[in-house]
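Visitor: Reassemble the complex: the two chains are provided individually, in unrelated frames, and hints are given to aid placement.
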Amino acid sequence: MSIINYAKREISFKIVYYGAGVVGKTANLQYIHQWLPDGNRGNLISLATGDERTLFFDFLPVSALSVRRFTAKFQLYTVPGQVHYNMTRKLVLRGVDGIVFVADSQWDRLRDNVDSFRNLEENLKEYEYDLDETPYVIQYNKRDLPNIAPIEYLEFLLNRRARRAPAFEAVAVGGKGVFDTLNTVSRMVVVSGFAREEGGAA
Amino acid sequence: MSMHEVAIHEDTARRISGVLANFLSESAAADVLLIDRSGQLLAQGDTARALDTVSLSALAAGAFSSTAAMARLLGEPEFTMLFHQGIKENIHVTAVDEDAILLATFDSRTTVGMVRLFAKEASAAIGAILLAARARADRGEGPAGPLQTGEVPTTFRARSASAVPLTRGGDS
Chain A
469 MSIINYAKRE ISFKIVYYGA GVVGKTANLQ YIHQWLPDGN RGNLISLATG
519 DERTLFFDFL PVSALSVRRF TAKFQLYTVP GQVHYNMTRK LVLRGVDGIV
569 FVADSQWDRL RDNVDSFRNL EENLKEYEYD LDETPYVIQY NKRDLPNIAP
619 IEYLEFLLNR RARRAPAFEA VAVGGKGVFD TLNTVSRMVV VSGFAREEGG
669 AA
Chain B
524 MSMHEVAIHE DTARRISGVL ANFLSESAAA DVLLIDRSGQ LLAQGDTARA
574 LDTVSLSALA AGAFSSTAAM ARLLGEPEFT MLFHQGIKEN IHVTAVDEDA
624 ILLATFDSRT TVGMVRLFAK EASAAIGAIL LAARARADRG EGPAGPLQTG
674 EVPTTFRARS ASAVPLTRGG DS
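Going down the list, the protein sequences come from chains A and B. Positions in the first sequence are counted from 1; adding 468 to them yields this note's numbering. Positions in the second sequence are counted from 1; adding 523 to them yields this note's numbering.
Hints in this document: simulated from the structure, not taken from any laboratory. A virtual CB, placed ideally from N, CA and C, is assigned to each residue, including glycine.
So, partial list: chain A residues that the calculated Cβ filter (under 10 Å) puts toward chain B:
1. Ala475
2. Leu504
3. Asp506
4. Asn508
5. Asn511
6. Ile513
7. Phe525
8. Thr556
9. Thr652
10. Ser654
Some chain A residues well away from chain B (every beta-carbon gap over 12 Å; in silico):
11. Gly489
12. Val551
13. Gln574
14. Asp576
15. Asp580
16. Asn587
17. Glu590
18. Ala617
Between beta-carbon pairs, the in silico distance windows are:
19. A:Asp506 to B:Arg639: 35 to 41 Å
20. B:Asp575 to A:Asn615: 40 to 46 Å
21. A:Ala663 to B:Asn545: 33 to 39 Å
22. B:Gln608 to A:Arg521: 25 to 31 Å
23. A:Met555 to B:Asp575: 22 to 28 Å
Chain B extracted, bound-state conformation (with noise of 0.2 Å):
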């Protein structure tokens, strides 16, 4: 099974803090978000405006996983780059590597060719600090050891307990 997780340990994100931070101030790029490919938010840039970050890490990921099918169909191997150019703000994705994308976002501040140049420099920086993120991680340096089953608690429950009646079915 290549299922495989990837542990953001303590040092790893301020790793890549830095990494970010130094994007934002050397692109003026106005946020910048550390994007796993299934659509899971890795790690994003201090800054000020509150952002739906998590919806917009799983739309860059469906986005930039469809480019990369259609370059396929054309024999590509990936479109490494996608920009998109709206009134005011603008987007800009770019390829970390196999698992990863690192997606900016920036206004009349900078210019793309900014954002480009300095993306490709924090993308191949972040992808040194993944590759030894997931050397670790395969090492199984996890905190864990198996859960035992008194330890998973009950999870959701309906805010109308009277919503939801009980159904057949469970383990077996």
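Same shape as in the complex, but just chain A (with noise of 0.2 Å):
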């Protein structure tokens, strides 16, 4: 759900990395963190357990770009990926405008991808979101391991609807592949929020 701002000529949009749990949603956003200049940044929050998994989210504001005179805003957000965090991973979806979904190319946890896309779209439909209605694009995280699927497979498994989505490779930890999300999922819910602005909300 965006938000504009006339009086401060602001428009701020949540963006939520979806996947399920150690797919590498909270690397995206720490390596985002790291290395945005420090205007365009604010500070990044945890909500971890003391084994570093996400409890309930991460969150990272971010802000770049100037859209007909005005500033576009960006708050980034994690899930918790573990099963039984579904309630609070129903939480963070409120009000989302996109979705970065992240995925683990290793062979062995191609099932568990599956089982994340499949409650994404369960938990969005308890919004009445539909998936087909709102940006999203798929990284296949963690490229450089050597049990990994073939892109091939991964699309076949997890990009398979009408409307391919944009996918990435990616390397989180090390960067790779992070700012090309970034960057498309934003320019997607930006091209999306004005789109809806025009006609009015559905």
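Guide: Structure representation (structure tokens):
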């Protein structure tokens, strides 16, 4: 749900990094936080357990571009990946404008990716959001590991809806693909936000 | 699709500012933030100190939504108020409407009772203003019109270009 503030000339969007446990959602935000210029980023907040698994969410506010004299701001969130945290995962999706689905490329995590993607669709439905109408991109992470599935197979599993989502190969801990993913999803939510504004809310 | 945007026009912003300023003077709270339940800051009262209001908003919305989920587990529709007590500073969060919450910070210069009393009044006033603002957004009185491809600039760049190798992928 984009928020347009005419008084401050700001438009803000919420982007959620979604995916199974330990696929690298937090690593994306950490890399972005580390490498964005200070003026473009706020504080990175992580609500994590003692073993560094996300308990509720990670949060990183970033701002970059100026569109039609508005400053576009993006609030980046991750969800907890573990299956049993579904309730908190659902809460984070509230008001989402764009989604990055982060998949683990390793063979032994394929099932977890598929389950998480289905879980995303189900949780969106609870807010009456429809994935087909929500800007989203897919990131195939951990491409540096030895036991990974080919991209074509990952695409076959996760990117087979009528509208193919933009997809990126990534090594989030090293930064590969991280900014391409962020730039694509942020551009998509901006275009979608302005298109909605034109027609009024659906 | 139920996604809808909130549009805060200048006159709406002025009216909300008026309510927030009035709240601060009546309650003697230190800060006040109006927060969308998705975690985004909608407006804030004019106070002297610099707080990380963006982070506070995201965390308060998270805390409020998780207590609402706890309420539902008990069969309550929602807990309408949250109160965190610190040694010097306290936080009071109250529901404005289904989409917004009001957060106040306060210290020993006032009491939770005073904050609660005036937060309730401020919430009702802001709820009415937001209702009108949303109705306006729903009528599509927006500024914009669809963007042309060339209007969306390249967005984020890392400080060191060499750290971000290009990858395969893109729109298709």
